[in-house]
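Once you've looked at the hints, dock chain B against the given chain A.
Spelled out from the first residue to the last, the chains are:
Number of protein chains: 2
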Amino acid sequence: MKLTILKDHLIESIGHVSKAISSRTTIPILTGIKIDATLSGVTLTASDTDISIQSFTASENETIKIIQLFQAGSVVLPAKFFIEIIRKLPAQLIEIEVKANFQTIIRSGSSEIQIMGLDPDEYPLLPEIEESKMLRLPSDLLKTMIKQTSYAVSTNESTPILTGVLWNITGDKLKFIACDRHRLASREVTVDNDNAQNLPNIVISGRTLNELSKILPDQNSLIDIVISDNQVLFKIHSILFYSRILDGTYPDTSKLIPQSFQTEMVVPTKELAEAIDRAYLLSREDKTNIVKMMMQEDQTIEISSSSSELGKVTEQISLQHIAGDLLKISFNSKYMLDALKVLDSEFIHIGFTGAMQPIIMKPQDSTNMLQLILPYRTTN
Amino acid sequence: MKLTILKDHLIESIGHVSKAISSRTTIPILTGIKIDATLSGVTLTASDTDISIQSFTASENETIKIIQLFQAGSVVLPAKFFIEIIRKLPAQLIEIEVKANFQTIIRSGSSEIQIMGLDPDEYPLLPEIEESKMLRLPSDLLKTMIKQTSYAVSTNESTPILTGVLWNITGDKLKFIACDRHRLASREVTVDNDNAQNLPNIVISGRTLNELSKILPDQNSLIDIVISDNQVLFKIHSILFYSRILDGTYPDTSKLIPQSFQTEMVVPTKELAEAIDRAYLLSREDKTNIVKMMMQEDQTIEISSSSSELGKVTEQISLQHIAGDLLKISFNSKYMLDALKVLDSEFIHIGFTGAMQPIIMKPQDSTNMLQLILPYRTTN
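Protein chains in written order, with the UniProt record's numbering: chain A, 1 to 380; chain B, 1 to 380.
Excised from the complex, chain A in its bound form (with noise of 0.2 Å):
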């Protein structure tokens, strides 16, 4: 192998795949990038076994030749070092020669590095997966449909499932769903019907969606979604983003979420949300987290927290509407504080069915999202 690229090619195509590199090193050669150049392009490859991304960069665009090959071939990089060793490159342009046992030579302005390759005949293939089952998203409703539900996966490797967000299609729906013993976030939305046929349900690690969520572009582009047997493909442009679908049935959560309510309020979530986070310092200096919610006769609430040794936080706020029995409900003001930030209105709807109930909070005039938290059972 021999070409030249440009550097700030590279550098790009390494930031896609750096995601993925292993820093545990189970498998030694998952601590290289792949890197397989052919006369189209170059082609980078990461892989922790649970995440694998690919990401190619062509010869050249419409305006610039980017790649100049001498020779295809290709050749696994230890991923740390070559990361930071091109970033700091003196020039743009950058020299990549393969010689013999793998051994390869990086060229750029005056400087020349040499770094022991290893066999690519020795990295492992990425699955192969059949277009059957596919799915398409625009890319920013993607992203934001993470955001809303990965946060509260569960962190416990315990049960492996509740680390997973579940995306159960139903018809023309696609609902993404998480859950931990603690609390549970939905968001549903509509699909085209054509291509939500036949597709099983999935479930895939929270972590892993963070990362894909990074790589996702902002503008609103369509990104092919395709789900095999145990594998699912995310095809973003010029990026393969592959990743593993958790074993095992998700629990059923529809029982959890109550369909009346004995207390119905609508509040600034902007001001309830400081006010929780200012009670949240307090109560964080205890390490319980614990904040009370009072509701009381003047349509307001009051929210406390205390600490025996510090002392005591009281925030009033006056509600948009409340109906039903005046309640006093304990909840972890970090999770509510989670679920807030991601309830993205001016004003939510909170619904109670009792101070040992789910509190189930959503935006005031949309049904698609859901956030729910179990309050605590404190004495008083």
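Hints listed in this document are in silico derivations from the structure and should not be mistaken for laboratory results.
Keep in mind that the hints are not guaranteed to be accurate.
One copy or any two copies: either way a pair holds, since identical chains are not told apart in the list.
[Said to hold, decoys possible] Below are the DSS-like pairs computed for lysine-lysine, each with C-alpha atoms no more than 27 Å apart in a straight line:
(1) Lys270 <-> Lys88
(2) Lys88 <-> Lys147
(3) Lys341 <-> Lys7
(4) Lys287 <-> Lys19
What you are looking at is a predicted structure, and each value in this text was computed from that prediction instead of being measured.
The following block gives chain B in isolation, referenced to the frame of chain A:
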């Protein structure tokens, strides 16, 4: 104590003193901030015994009333929670009221915070410093001198005196010197002779000087520096910054610096720093940081490093000038990069007296700064 104060002004004052708050709590009251309110304004005090900082906010400035005092008094509030909650209060106007047993109520908008305060009489008194021995330096010059020397102090607490920067005053020259067992940095300036009379040599902790540097204003205002037997006081507008003077005698470093050279060269600083940085990336992987410099017949130097596992980096640099024997010398690239970073000059002069002797670096056309690093003994 009872007053109202504008949030932005309180936050600014907190920002100044926060650098002196103890995180290690051998004296519990020092985890607090002391607040003293008088008719003229509010003084905040924080101290970690090495550093004490006092910041004064006047009741009014030319344009606005900042503080309204209802009752003078003092209190000590737990710093971490106080700082966080003040930053997050909903309104500009903050009311602070101290009740019985130093119970403190903070009100802002619809928030009310109760904090258990502590007795201000238990807070240690700041040192009283007689203003007989004084020095005056422009703020930006002091900042530069700190930057150019403090990086070289020892981090090894077994010789505490070397963790400080020596302030050596001889006639109208003030010289900062820092050194550990591998390198030395010095910077000299001419000071106003009247002020520098009768001033003893002092040693101030490098860590303290770095904290001071964060408070020093960028614009060219004059800082009064008052020196007593064991304390030094920096007066920065409305801030008083007290530092302990380190005990002990600073070693005589003058004999470390050669007076003539076997080889001298003039090198472009940025090119040298970037080449060494690339070589450092590789040497770091071997955890040695060793980089080699080889002088060549054609008025160039080769910078290189190698790692048995990863490979080799080789760099060529054209010199502006070289005279004397062609040497091959090895050094700690991290130390060299630290020194190059503060040598604020397009070209630098490097002097050598042999492969095992100190390397001396100076700006090309200035003698007021000197950076020294010791080479490595290597087998080739």
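Hint check:
1. Lys270 <-> Lys88: between (43 Å within a copy, 13 Å between copies)
2. Lys88 <-> Lys147: Between copies only: 25 Å across chains, 33 Å inside a chain, cut-off 27 Å.
3. Lys341 <-> Lys7: between (38 Å within a copy, 25 Å between copies)
4. Lys287 <-> Lys19: between (33 Å within a copy, 25 Å between copies)
When held up to the earlier numbered hints, the structure conflicts with none and fits them all.
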